[in-house]
Amino acid sequence: MTLELPDQINGFIPIPLLVRESTSDTEPVYHILYAKKHQTHKTGSTDNTTDRTIFITNLPVDASHSSIKSLCHFLGNTILESFIPEKNYNRGLVVLVDKASCSRFLTKAKQQNPVPWSPQEPTGSEAYYLKNRIKYPDEGELQHEVDTYMEEFAQAEETKRQQVVDKLNLVDEDGFTMVVGSKRKSLAGIATAQKATEQFVAEQSAKKKRKKEKADFYRFQIREQKKTEMNDLLRRFQQDKLKVKELKERKRFKPY
Numbered sequence: 001m002t003l004e005l006p007d008q009i010n011g012f013i014p015i016p017l018l019v020r021e022s023t024s025d026t027e028p029v030y031h032i033l034y035a036k037k038h039q040t041h042k043t044g045s046t047d048n049t050t051d052r053t054i055f056i057t058n059l060p061v062d063a064s065h066s067s068i069k070s071l072c073h074f075l076g077n078t079i080l081e082s083f084i085p086e087k088n089y090n091r092g093l094v095v096l097v098d099k100a101s102c103s104r105f106l107t108k109a110k111q112q113n114p115v116p117w118s119p120q121e122p123t124g125s126e127a128y129y130l131k132n133r134i135k136y137p138d139e140g141e142l143q144h145e146v147d148t149y150m151e152e153f154a155q156a157e158e159t160k161r162q163q164v165v166d167k168l169n170l171v172d173e174d175g176f177t178m179v180v181g182s183k184r185k186s187l188a189g190i191a192t193a194q195k196a197t198e199q200f201v202a203e204q205s206a207k208k209k210r211k212k213e214k215a216d217f218y219r220f221q222i223r224e225q226k227k228t229e230m231n232d233l234l235r236r237f238q239q240d241k242l243k244v245k246e247l248k249e250r251k252r253f254k255p256y
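Numbered as in the UniProt record's numbering, the sequence shown ends at 256 without a single skipped number.
Hints were generated in silico from the structure; no laboratory data involved. Mixed in with the good hints there might be a few duds.
[To be verified] In silico lysine-lysine, BS3-like type, Cα no more than 25 Å apart, as pairs:
1) Lys212 <-> Lys226
2) Lys87 <-> Lys131
3) Lys110 <-> Lys69
4) Lys108 <-> Lys69
5) Lys227 <-> Lys241
6) Lys207 <-> Lys195
7) Lys37 <-> Lys131
8) Lys69 <-> Lys37
9) Lys37 <-> Lys99
10) Lys99 <-> Lys131
11) Lys211 <-> Lys226
12) Lys36 <-> Lys108
13) Lys195 <-> Lys160
14) Lys87 <-> Lys37
15) Lys214 <-> Lys227
16) Lys226 <-> Lys248
17) Lys226 <-> Lys214
18) Lys69 <-> Lys36
19) Lys110 <-> Lys99
20) Lys226 <-> Lys241
On a predicted model such as this, the values are computed, not experimentally measured, just so you know.
Build the full structure now, drawing on both the sequences and the hints.
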């Protein structure tokens, strides 16, 4: 079977993809891909990939990054930098590493040699089998994962419980020790005891703070009172000193 394709259709180069080779009973199966140099219509665009980007359309449904990479390798041995598909995966942008690669890709595509195309990812019944396997894992594997998770969870709970116990058995600055009783060996019980202890310590600390503030206030009052008394004594002394001076000047001063 010989393919007869036009050189271009509305600016697109037809690229035949060989989906299935011929056998003694069947003809080869082709899928036609269309490609052209990408042209942006955005004014003032600062995209520096335009001159090395190719727009392709009518992609096979099983197209993937891997299959596009193989396509680039076949067409001019070019290197794919990125593949940007559109939402429906029917078309997308092929970004190559440089401008020269873009030219080689298009030149090779114009020769219209069939490009071998094989799905890089499972398709058909195999794809559905793998999806079902992921959704419903093997019973043994699932049980192993559950057992492992529960062991790690129990170990983490025991570590946390021991940390709480160690914290509760510490002696605080007042000499109090919080001992966990036999009825409070669960993590919830220990946490409740810890909360009560922390609340008690907070209340005691608040009482100490208020008592200190009260004592500081009283000390301030006493200090101010003494300061006032000293100022009064000094003022009276100065007054008496002036009075004695006046009496001496009048020769009326009689100390006794």
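Restraint status (C-alpha distance of Lys69 to Lys37 at most 25 Å)
17 Å, holds
Does Lys37 sit within 25 Å of Lys87, going by the straight-line distance between their CA atoms?
Judged against 25 Å, a Cα distance of about 20 Å means the pair holds.
25 Å Cα cutoff - pair Lys227, Lys241:
The given pair, whose Cα atoms are some 21 Å apart, holds under the 25 Å limit.
For the pair supplied as a hint, Lys226 and Lys241, confirm whether the alpha-carbon distance does not exceed 25 Å.
It holds: about 22 Å lies between the C-alpha atoms, which stays within 25 Å.
25 Å Cα cutoff - pair Lys99, Lys131:
Roughly 40 Å between the alpha carbons, so the hint for Lys99 and Lys131 is violated.
Just to be careful, I want the Cα atoms of Lys108 and Lys69 compared with a cutoff of 25 Å; is the pair within it?
Distance ~15 Å between Lys108 and Lys69 Cα, so the pair holds.
Verify the proposed pairing of Lys212 with Lys226, using a straight-line Cα cut of 25 Å.
Satisfied, since the Cα-Cα distance of roughly 21 Å is no more than 25 Å.
Please verify whether Lys37 and Lys99 have alpha carbons no more than 25 Å apart.
11 Å, holds
Decide if the proposed pair is consistent with the structure: Lys195 and Lys160, CA atoms, cutoff 25 Å inclusive.
Holds, at roughly 15 Å.
Given pair status - Lys69, Lys110, alpha carbons within 25 Å
18 Å, holds
Can the restraint linking Lys207 and Lys195 be considered satisfied, given a maximum Cα separation of 25 Å?
Cα-Cα ~18 Å, so holds.
Is the Cα-Cα distance between Lys226 and Lys214 25 Å or less?
Given that 25 Å is the threshold and the Cα spacing comes to 19 Å, the pair holds.
This entry does not satisfy hints 7, 10, 16, going by the numbered hints stated previously.
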